[in-house]
Structure formats: structure tokens, C-alpha cells
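These are the residues of each chain, in order.
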Amino acid sequence: MARLRGWFLAGLGLASAAAWAWLARGFPATSSRRDVLTFLAVIAVLFLFSTVALPVARRLPPRAALRQILLFAALFRILLLFAGLPPGEPLRDDLAGRRVAYSRFLLYDDDVWRYLWDGYVVSAGLDPYARSPQEIRDRYDDGAAAPAEEAILDGPLAFDVLDNVRFSSYRTVYPPLAQLTFGLTNRLAPGSVFVWKLLVALFDFGTCLLLARLLVRLGRGPEACVLYAWSPLAVKELAGSGHVDAVMIFFLVLAAERMLAGWQRTGLGAYAASVLAKLGTLPLAPLFLRRARPGTWWAPVVVGLAIVLPFWRGLPNLASALGAFGGDWTFNPGPWLLIARAFDLLGAGDPEAAAHLVTKALTLILVLIVTFRVRPSDDRSWILGIFLALAGVVLLNAVVTPWYLLWVLPFAVASGVRSWEVLTALSFLSYLVYAEHAEHAWWLWVEYGGFALAAAVEWGRQGRS
Amino acid sequence: MKKLALAVFAVFVLVGLPAVASTPTPGGNAWDTSDPATAVTRTVEARIVEVRENRTLVVVDKDERQHVIQLSEKVEIRAQSKKDFDGLKKLDFGHLREGHRLKLTFYADSGQLVRIQVQKADKVG
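Each protein sequence line maps, in turn, to chains A and B. Going by the numbering used here, the residue at position 313 of the first sequence is 294; the numbering climbs one at a time, nothing skipped. Going by the numbering used here, the residue at position 101 of the second sequence is 116; the numbering climbs one at a time, nothing skipped.
Just chain B, same shape as in the assembly (with noise of 0.2 Å):
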């Protein structure tokens, strides 16, 4: 029994080699490279202290350290809910107010920020 179990699995694997020949695999939802699932991205939260020109912000963290931050135009700005927005989820750059609660997620390899979420107006903590 333990020889057929292990020509079986023999059988089933070498068999599938000559196929695996290109890629990316047919389907692949999961891993399309379009999706940013993949990429390890890290999220802080911050608290707007001042909105500035040339998409500009000056955010203090949970430490009540201050950090200059200016936006590229990549970066996505969203509302974490839309009924603070009359219904919109995605902001843009003059929707940012002084004390509105932030999280900011980048990317944790290169630091680049990706996305600008403005946290539920009632958000505790």
C-alpha cells in the first residue's frame, strides 16, 4: 500500500512538470498584478494639525510627534465612512480639514505612501 502511495504521488507531480512552462497562471484572481494584495503595507494614525497649499499636511501621530507630509497625486485620499461625506467615498485633497483623524498607509518596503483614509467622524481613541 505505501508503494502505490507514494507511485501515485510520483505519477501525479511528474506528470504535471512539462506543463508548468509560462506564466502568470491561467485564473489567478487571487495574484493579479494589478491587485496590491501582495505587497506588505503597514498603516499609522495621525491627527491633522494644518492643511497647507501644494497638497500639503502636517499631521502630529499618537506620540504627538509632528510630520510634514505632501501628497503626490497617486496618492488615494477615501473616507472610511461615506455618510461623513454626504455620501462620497472618494475625497480628494480639499475635503481635509484640521482635526480630522487619519490613516495613512504606505508601503512597508519603500515607505511610500499609497492611501489616505479619513477615520469615521465618532472614532474613538
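If we strip away everything but chain A, and leave its shape as in the complex, we get (with noise of 0.2 Å):
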């Protein structure tokens, strides 16, 4: 019968490689509302494949299942890196830097772009945080360029990457060590897609394994670990689309994983280092500081300072970046917008900074609830603390991006609070703004209320349990 399971778990993981195979390479990805309801269908199935997962995973032995499981989940995230690359494209141009050879879009998304300007600002050794890409465009075609941005551009790539950068007078509002990141891998290959979706890839196959680590110090089965590396969220976002957070959510998990260890300099510098990824995990901080000896507290510090110094010049440029992004951009919102609305229905003048004003008043008010109600010696309420804090912060946030849910997703699997992987399917929904070209409020009522239905069965079910 193990056997029979076993094969079982192994025809799921070959049906959703096909699926993420074809998504990878003969999706066509356009905005024709054809494309984005198959894309979403394909999802769907892969969500269910990854949920049933989980039950067979349960019944097989522990070392067994997780072999199967890790095996399939870096076979999705290598199938991944070739998404956005259009067939008979070789390869070999993107890792020779001659020219771009992936699509604007990876499977929905070009954030990546930015990430490959930044690389080029960061390896030549000019502050990322001065200038917009749009200003130093301009600077170059007045020739008022400074040397290091005249090499930047009359490279044989940079021009065409910056083509590809979306909202490109805007400042980078990416933090240190993600720039290191950026900067690293322009190194390695100036201007190639591949190369950093691989480092992508490679920091969010860590946190698979982090997570079955972490679970097994919880006293959980390691194969929970199914619903983060199968997930089609972190499949999707991460090694197909290239985004940064990967980086972030390693370092948190990893942070996480080495506090309970009782390794608490590791854990507290890891911290450092995820807040210095994406200024995202910073609410945190309180969390950990509780659970840590004050002794060990220099630990962030030295950290955080080696990461910063080389950009420590930018550092004021990159808040009024974060400001400027935190006040204009507003995407996929759910308790945001009720307050933006109550006060548009009350007359604000401007109802979205009131609401910006009361959402972070309400994330510093759970932070501080979460952090003085968890046992910082009990592993298991500590980790569902960070769940409820991080989870708060990403939805009282005006920007909702289906991504932001995965920083939350490992911690939710480590406590075992399964609504939260409907949030992360629901939050697929939001993709239809590449087939309306703006926002309906019927899928938001459908995301978040999924999520609420959700996160009430659950809630129930554990009252009666």
C-alpha cells in the first residue's frame, strides 16, 4: 500500500511538472482574456495537485515523502527559470550578455528588469539609491553623465534592460543586501535573466529545506513542508517570475529555524539580513528581541552595519523612495481600502493617507499585542506569533501583491493554519488585471472572503477540537 501511495505521490509530482512544463514554455502569456482564465485554471489544478499532496505525503515514511517532495519541488523551480524565455531562443545569449532574450514578461510580471538595472548601478559602483533610472537616461543623452553611467550604458545590454524597466522614474526602493544580490549577479553575467532567477531559485529551495527543519523542531512532520514547495504561489512568483523576496523569506525562515536551535546570534543575524532583503520582516523585531538573550543583541547590529556601510551615503534617498512607493501605489488591497473608503464616506480630503495613517497605527498595535501575548520560550507559540505579526503586516498594506502573501506562507505551514494557502490561491484572482486592465471589486470580495470563510471553518473546527 506505501508503494502504491509512494507511485501516487510521484504521478503528482510528474502531472504538475507537465503543468508548469507547458506554463514555462508553451504558454503563450498574453493579456487576451483567454490566456489569463487558462493560466488561472492551471493554477487552480496545481493548487489542488499541491493540497493532496499533503495527505498522501502523511501516509508514507517521513524520509520517503520528503525525498519525493524535494526532488519535485527543485524540478519545478528549474522547469521555472525557463519561463518568459520565447521558444528558439537560445539560451546562450542571455548568459553571453549579447542580448535580451526573454520577453518584457515572465509569466505575468517584469519586475526582474529593475532588479538587472540595479545589478548595473550597484557593480559599477555608483549609489543605486541617487538617481532614477529615467535620470540617469537623461543625464546620458544631455552628456551629463558621469563616467561610471556612460560605461553603464554604452555597454552592449544596459540600454535594452532599461527599456524594459517599468516605472522607470521612480528611485529603486530595494534595500542592501537585495542590492548586493542585484549587484552579484551582474557580476557573474551582467544583464541575464537566467542567472538571477537561478540565485532566486536557489534561495527559495533553501527555504524548502529550512522549513522541513523547522517543522521537524516543532514536532511536525517535515512533508508539511509540501504546501510551501509545491506551492504554486512560490513556484509561480519566485522562479518564474524572479522576484526578490526569495531572498527575504530565506533569511526569515532561516533566522526562525536557528532561533529555535539556540543558536540566537545566528538567528538574530539572519533576521538582519531578511529586514535588509525587504524592509517588510522589520515589525518583527520586537518578536525576536523578546525571544533572545540582551547579550546576544549586538549580533543584528554588527549584520546590519556590514550590509549597509557601502550604501550608507543612499540611505536617506531610499526612504523618500520607500515613502513615495508606500503613498502612490495601491494594488489588491483588502482592509486597507475599507478605511480608505469609511473615510472617503466620511469626507476626508484625502482618504487614502488617513488610511495609510490608521493602518500602520493598527500594525504597530498587533505587533505589539502579538509580541506581549506569545510564550517566547514556546517554540510553537513564538513561531504562530511571527505568522499573526507578519500576516498583519501584509494585509492592513495598501500594496497586496500575491507575493507578499509567501513571506507569510512558511510560518503559516509551521503552525499549521491551512487558510492561509487559500489566500494564496485566492490572491491568483488578482492577475485578472492583465486581462480588464484595472481592478473589479468582485474578485477582491471573492479573495478576501474565501479567506475570511476560510480562516472561520478553521477557527471553528479548532474550537471544537
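Hints are computed from structural coordinates only; laboratory data are not their basis. Where a beta carbon is used, it is the ideal one built from N, C-alpha and C, also for glycine. Certain hints may be false.
Beyond 12 Å from chain B on every Cβ pair, some chain A residues (computed) [to be verified]:
no., residue
1, G(-8)
2, A10
3, A22
4, R44
5, A45
6, L88
7, L107
8, R147
9, R194
10, Q245
11, L260
12, V282
13, L286
14, L290
15, E420
Away from chain B, derived, C-beta distances all over 12 Å, residues of chain A [to be verified]:
no., residue
16, R(-14)
17, P9
18, V283
Sample of chain A residues at the chain B side, in silico, Cβ under 7 Å [stated by the list, open to error]:
no., residue
19, T11
20, S13
21, T19
22, F409
23, S411
24, V414
25, Y415
Both chains are sitting in their own frames, so use the hints and assemble them into the complex.
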């Protein structure tokens, strides 16, 4: 029977791999309604496979189950490295920096070009926060560029990378560790989408391994890591679209795992790295500090300073760029929209600004409540605290891009909270914007309503048991 | 603690629902309908071999296949670098010459051409 279950799990993995291979290489991924709906349908099937995989894996010997889960997790990520490379385009052109071989959109996403551009700027020794890509382009065109800027744009690929950067008049919002990874890949292969995605996929696969360890430390079966390792959201957004969030998630899960292992200095250092890869984890600081001995608090300071030092002068510009991003952007919002609408109905002059203020205050209150409600010495309570605080940070934001939900997913899996998985699935509805070119209320209803329903059902079940 | 976590979530999202009553969302700079950011586009590179009247170009692609393109008035023509056109960024059809290397951007679903960009003069490859 176990042998049969093993084959069934392998069958689910192979079927998923076939679907991912088709999405990466055979699917046209245009903005037509048919393509977007096809994409959502395939993703829905992949979610079904990953959900069915867990009970199957639980009935297998743990080592055998984990081996299969990780093998397929690696395969899915390898397949998705090719997403966005049109059929017939040679990968060697991308690797050799001869030309831009990938399409602008990598499975309905084009953030990768900003990372590649920042990589050029950092590896040229320039401050990435000083000027927007458009400002550098204008300085070049006007003959006012610094020699290093001139050298970038005189290169064979940089102008084509720059052409693909969306919102190029905005300065970069990616913190120092993200910039170091951009610069590193630029040194290895300037302008290469493949090399960048490979780095992201390695971090993401590392997260799968760490999550399995974290689950063991919590006394749970490591096979539950399938909910992250096979998560269509993780595979699509990280290996597929190349989001830098993989770096932050890796260091955050490493931090949590090391803290549970009693390696507090390493844990705090990894936590600092996660904050400096993407600032979304900053509100977790009180939770980490409360768990650690005060004698270890110097570790994140040292790690943080070492990473920040090369970018020290640009930090005020980073802060102002983040302010512009935080003030100007909304996407797929949930509770933030409620508050903005309420202020609108009340006749507030600037309902969005008021909503930003209130949601920031609510986030702070939530983090403080969670920090002081958790029992820091209780591993499960502390991990649940991370899940709760980070989920609040994400849900109260004006921008809830689907990949932000991945910050929370490892901790939802580690806490056994399944409703978050429902939200990660429903968040794909936001990709309808590629067919409709505007957000519509009904998919926000379905997304957040479906999540609320799942959370309520889960809560009810917990209460009964 | 787990119950508290789930309760807080349920409250967050359940009270959020009544607010989501119309579209588009407030703010929303990133997804403004006038911004083509959500329209999937593709680009191909080509070289002009002949400029004809009536806004018609004959180009060859990287595989040396020849294509005849008639540009509608809506197609935007740009220089990749202003340096090549005496400080001009926006160009018109009259600026196009035989031998210019172009980047043609079109909507991936309809194939409709949206933009032509004249590549930098010293661009390799």
C-alpha cells in the first residue's frame, strides 16, 4: 500500500511538472482573456495537486516522502527558470550578455528588469538610490552623465534592460542586501535573467529545506513543507517571475530555525539580513528580541552595519523612495480599502493618506499585542506569533501583491494554519488585471471573502477539537 | 494563541468586505487604465531595408526574413538615445532611414504594433 501511495505522490509530482513545463515553455501568456483564464485554471489544478499531496505524503515513511517532495520542488523550479524565454531564443545569448533573450514579461510579471538595472548600477560602484533609471538615461542623453553611468549605457545590453524597466522615473526601493545580490549576479553575468532567476530559485529551494527542519523542531511532520515547496504561488512568483522576496524569506526562515535551535546570534544575524533584503520583516524585531537573550542583541547590529555600510550615504534617498512607493501605490488591497472607503464616505480630504496612517497604527498595535501575548520560550507560540504579526503587516498594506503572501506562508505551514493557503490560491485572481487592465470589486470579494470563510471554518474546527 | 490568531484574521477580512463596493480602487497609480503596464507586450528586433511612402517600412528580422509594415498614425516612434537625433526623443516617420536598427513593440494578444524604437547607433549585434 505504501508503495502505491509513493507512486501516487510521484504521479502528482509528474503531473504538476508537466503543467509547469507547459506554462513555462508552451503557454503564450498574453493579455487576452482566454490566456489569463487558462493560466488561472492551470494554477487552480496545481493548487489541487499540492493540497492532495500532503495527506498522501503523511501516509508514507517520512524520509521517502520528503525525498520525493524536495525532488519535485527542485524540478518545478528548474522548469520555471525558462518561463519568459520565447521558443527558439537561445539561452546562450542571455548568459553571454549578447542580447536580451527573455520577453519583457515573465509569466505576467516584469519586476526582474529593475533588479537587473540596479545590478548594473551597483556593480559600476554607483549609489543605486541616488538617481532613478530615467534620470540616468536623461543625463546620458544630455551628455551630463558621470563616466561610470556613461560606461553602463555604452555597454551592449544595458539600454535594452533599461527599456524594460517599468516606472523608470521612480528610484529603487530595494534595500542594501537586495542590492548586493543584484550586483553579484551582474558581476557573474551582466543583464542575465536566467542567472538572476537561478539565484532566486536557489534561495527558494533553501527555504524548502529550512522549512522541513523548522517543522521537525516544532514536532510536526517535515512532509508538511510540501505546502510551500509545491505551492504554485511560490513556484510561479520566485523561480518563474524572479522576485527578490526569495532572499528575504530564506533569511527569515533561517532566522526562525536558528532561534529554535538555540543559536541566537546566528538567528538574529539572519533576521537582520532578512530585513535588509526587504523591509517588510522589520516589524518582527520585538518578537525576535523578546526571544533572544539581551547579550546577543549586538549580532543583528553588526550584521546590519556590515551590509548597510557600502550604501550608507544613499539611505535618506531610499527612505524617500519608499515613502513615494508607500504613498502612490495600491494593488489588491483588503482592509486598507475598507478604511480608505470609510474616510471617503466621511468626507475626508485625503482618504488614502488617512488610511495609510490608520493601517500603520493598527499594524503597530497588532505587533505589540502579539509580541506580548506569545510565550517566547514556547516554540510553537513564538512561531505562531511571527505568522500573526507578519500576516497583519501584509494584510493591512495598501499593496498586497500575491508574492507578499509568501513572506507569511512558511510560518502558516509551520503553525498548521491552512486558511492562508486558501488566500495564496485566491490571490491569483488579481492576475485578472492583465486581461481587464483595472481592478474589479468582485475578485476582491472572492479573494478576501473566501479567505475569511476559510479562516472562520478553521477557527470553528479548532474550537471543537 | 492559535484561536486568537484565527479570530483576528477573521475580523480583519470580514469587516473589510463591505468596503469593497466599487471599482477602480482609490490611489491605484500602478494600475491606471491609461498606463499600458498590464498589457503584455513583446518586442522583436529588425533592420530597415527600405522606407516607402504612406508610412510603410520594409524590414528584415534577425533571421533575415523580410516584412512589410505599414504604420498607423497611432504608432509611437522613439529614439533609444536622444544623442542620435540631435536631442530628439520623439521622432516622426521622416526620421527613419535605411539601415536603422529598430525594436518593434507589439501587443502579444492582438499583434498590434504600438511602438518603434530606433536603436542606439553604436549598438552592437
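Outcome of the hint check:
no., hint, in the structure
1, G(-8), "holds, 33 Å"
2, A10, "violated, 6 Å"
3, A22, "holds, 17 Å"
4, R44, "holds, 29 Å"
5, A45, "holds, 30 Å"
6, L88, "violated, 10 Å"
7, L107, "holds, 19 Å"
8, R147, "violated, 6 Å"
9, R194, "holds, 22 Å"
10, Q245, "holds, 22 Å"
11, L260, "holds, 18 Å"
12, V282, "holds, 30 Å"
13, L286, "holds, 33 Å"
14, L290, "holds, 32 Å"
15, E420, "violated, 5 Å"
16, R(-14), "holds, 29 Å"
17, P9, "violated, 7 Å"
18, V283, "holds, 32 Å"
19, T11, "holds, 4 Å"
20, S13, "holds, 4 Å"
21, T19, "violated, 12 Å"
22, F409, "violated, 15 Å"
23, S411, "violated, 10 Å"
24, V414, "holds, 5 Å"
25, Y415, "holds, 5 Å"
Comparing the model with each numbered hint stated earlier shows that hints 2, 6, 8, 15, 17, 21, 22, 23 do not hold.
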